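Colleague: Here the structure of chain A is known, so what remains is to put chain B in place on it, guided by the hints.
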Amino acid sequence: MSRAARLGAFIIATLAILAAGIFVIGSKQYLFTPTYRLKAEFATVVGLDAGAEVRVGGVHSGTVRGIELPNKPAGKITVLMDLQRSTHDIIKQDSVAAIETEGLLGNEYVSISFGSAQALNVKDDDTIASQPPLVIADLIKKADGILDTSQQALENVTVAAANLSSISGKINQGQGTIGALVNDKKIYTQMDQTTVGLRDTVNHAQAGVAAFQENMEAMKQNVLLRGYFKKRGYENSSDLAKNEIMELPQAPPLKTFTFESKQLFDNVDTAKPRNQKSLRAAGQFLADTEFGVAVVVVSTASAGDTQKDLVLTQARAMVVRDYLVANFSFDDAQLKTLGLGKGKNLSPDSSWGTVEIIIYPADTEAPTQSSAATPR
Amino acid sequence: MRSTITSVWSLTNRFLEWFGDLGFFGWQVLRSAVRRPFEGRELIRQLDEIGSRSFPLVALAGAAIGAVLALETRSSLVQFGAKSMLPAAIVFSIIHETGPVVTGLVVSGRVGAGIGAELGAMKVTEQIDAIEASGVNPYKFLAFTRIVACILMLPLLTLAADFCGVMVGWIANTLVEPISFHKFIHQGLAGTSFNDFLAPTFRTSVFGLIIGMIACFQGMRTQGGTAGVGLSATSSVVLSSLFVILADVILVKVILVFFS
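Protein chains in written order, with this note's numbering: chain A, 1 to 376; chain B, 377 to 636.
Just chain A, same shape as in the assembly (with noise of 0.2 Å):
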C-alpha cells in the first residue's frame, strides 16, 4: 500500500465516523427529517434545555428547538419544539404539553397528549395549551403541609384517646353516674331491693284482683245486680269462649238434634234458658251413646247487629252446654260450643235462631281448640 493510499484511507475511514456522528446526533436532533414547530407557554420550565426531548404518547418524536424569556414580568416562558411530519395527525389543538422528568433525577422533557379526533389540525407555529410542570419542592412543600396536617389529627386523636381514657379511669374509680352504677354495689342492692319490693307489689295486687273478682262474684249474687245476670242468662262474659271450636269436625255426624231457639230461650235477645226440658234427650242420647265429640251449634236471625249476636250465640251455646253437662253424665270435656253469629232465616218459626246439638262418632276428633283469645 502505497503512503497516498494508506493517508487516504485513513482520512475516508475517520470522515466517515465524523459523518456517522453529525447524522446521528442530528436525526436526534430532527435536523434531517420534515418537521414542524410547536409553541408552548409556562410558568416555569424547571430546567428544561433546548435540545432535549419532545414525546408524543410516549415516544421521542421532536426535539426542543429554543426557549424564550418573556419580555415583560407578567409574559410566560415560550417553549419551541419541532416535531416530525408524523405526529401531525395525532397532535390536535386541544392538545396538552407537559414538562416531565425521567424518574427522581433523569432530564426533563416535553410530553405532548394526543388530540382529540373532532378537534382541529394544528398549523406550523401555533401555540397549545400546557400544564404546570411538577417541581419536586413544590411537592415537598404539599407532603409537609399534609405531614402537618395529619400531624395535627394525630394529636387530636391523642387528646380523644387521654379524655376516654380519664373517663374510663373515672368510670373504674366509681365518680360519676356510670361510674356509680358499674362500680356501687349499693345501686345493685338498691335494685334488687326494688325488685323484691316490685314482687311483693304485684303479689299483692293478684291478691288484690282476686278480692275484688271475689267481691265481683258477691255482687252478682246481690239481690240488686242478680237481675241483670239473670236475665242475659249467664254471669261470666270470661267464660263464653272457654270450650268454643273454631269449626265443625270434617267426620259425618252420627246424629243431630235441632231446637227453635226460641223454644228454649226467654226472649229473642238473651240467653236466659227457658223450658231446658227440650234438651233432654239430646243430654239423653249423650249420656247413653260412645261417641268421640259433641258440639252445641248456636246461630241467630239474619236480623241484628252482627258482633251482638255472635256473642249472643256464643253465650245461648255455653248455657245449654252448662245445662247439658250439669244434668247428665258423660265427658264433659267432649261436648263443645260454636256461636255461629247471624244465621239465615230458615223458617218463619226460627226467627230466633236455631240451636243443633251435633254428635259424632266415637273416633272423631275435636278440630284443634282456638285459643280463646283469638279474635274471630
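Just so you know, the hints here were simulated from the structure itself, not pulled from any lab data. Here the structure is a predicted model, which means the values were calculated and not measured. The beta-carbon is built from N, C-alpha and C at its ideal position, and this holds for glycine as well. Mixed in with the good hints, there may be bad ones.
[What the hints assert, rightly or not] Subject to a maximum C-alpha distance of 30 Å in a straight line, what follows is the list of computed DSS-like cross-link-like pairs (lysine-lysine):
1. K342(A) <-> K308(A)
2. K559(B) <-> K28(A)
3. K123(A) <-> K39(A)
4. K272(A) <-> K262(A)
5. K242(A) <-> K262(A)
6. K308(A) <-> K220(A)
7. K28(A) <-> K459(B)
8. K76(A) <-> K92(A)
9. K629(B) <-> K28(A)
[What the hints assert, rightly or not] One-sided excerpt, in silico: chain A residues whose CB lies under 8 Å from chain B:
10. A4
11. R6
12. G21
13. I25
Modeller: Below, chain B alone, put in the same frame as chain A:
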C-alpha cells in the same frame, strides 16, 4: 539570598527568552508559509507519518479508555441505581473530554518525540544548514509541513479514538449486560448536541498546533552533539504534553462560554 534572587531572575529570563524565541519561530514559519512553492509531497509524507501511522496507537488508547470507562462507571452508577445512564456516561465522557485529551497526549508522545529527534539530528549534523544553502526555506520545508499535518490530523485521530472508545465501551457493557448497539448509541447520545460533539473534536486542532510548534521549535534549536538530540526529543515531548493539558483547561472554558 542574593544568589537565590539571581537564580530566580535567570530562570524567569530564560523562560521569557524561550517564549520570545518561540514567538519569533512562529512568525518565521508563518512568513515562509505564504511564499511559493508549497511543499506538497513533504506535506503528504508528514500527514501519513503523523496521521495514519499514529492511528493504531490512538485507536488502541481509545479502546482501552472505552473499556475502562464502561467497567469503572458501571459499578459507581449501579450504586446510585442509575444504570440506565451508563451509555450516556460512557459516550458523553469519551466524545467530550477523554477522547480528545488522550489523543492529544498520545500524539504528543509519539509525534513530538519523532519530530524533536529528527529535526534535532538534522540540526546537529548541519543538514538544516545544507537545506538552507540549497535555497529551500527550512521553516517552510521542515516546520510548516509538520505543523499543518499535526493541525489537520489530530481531529481525525480524535474521531478514530472516539469511535474505538465507544465501540469497545459498548462491547464491554454488553459482556456484562447485553444491550443492542442501536439502543446504546441512542441512549448515549440522548441530549447530545453538535456542540457536544464537534467543538471538543475540533479543539484538538489547537493541540496539533501546540505539538507541531513545540516539537519543531525544540528540534531546530538543538545544540551540542547527540546528547542535544536526546534532550530536545525529551523536552519536546514534555513541553508539548504539558501545553496540551494547559490548553485543554483553557479550551474547555472557552468552549463552554462560546458553544453552550
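Colleague: All the hints need checking, so say for each whether the structure fits it.
Modeller: Okay, the hints, checked on the actual structure:
no.	hint	result
1	K342(A) <-> K308(A)	holds (9 Å)
2	K559(B) <-> K28(A)	holds (13 Å)
3	K123(A) <-> K39(A)	holds (11 Å)
4	K272(A) <-> K262(A)	holds (11 Å)
5	K242(A) <-> K262(A)	holds (25 Å)
6	K308(A) <-> K220(A)	holds (22 Å)
7	K28(A) <-> K459(B)	holds (22 Å)
8	K76(A) <-> K92(A)	holds (22 Å)
9	K629(B) <-> K28(A)	holds (26 Å)
10	A4	holds (6 Å)
11	R6	holds (5 Å)
12	G21	holds (5 Å)
13	I25	holds (6 Å)
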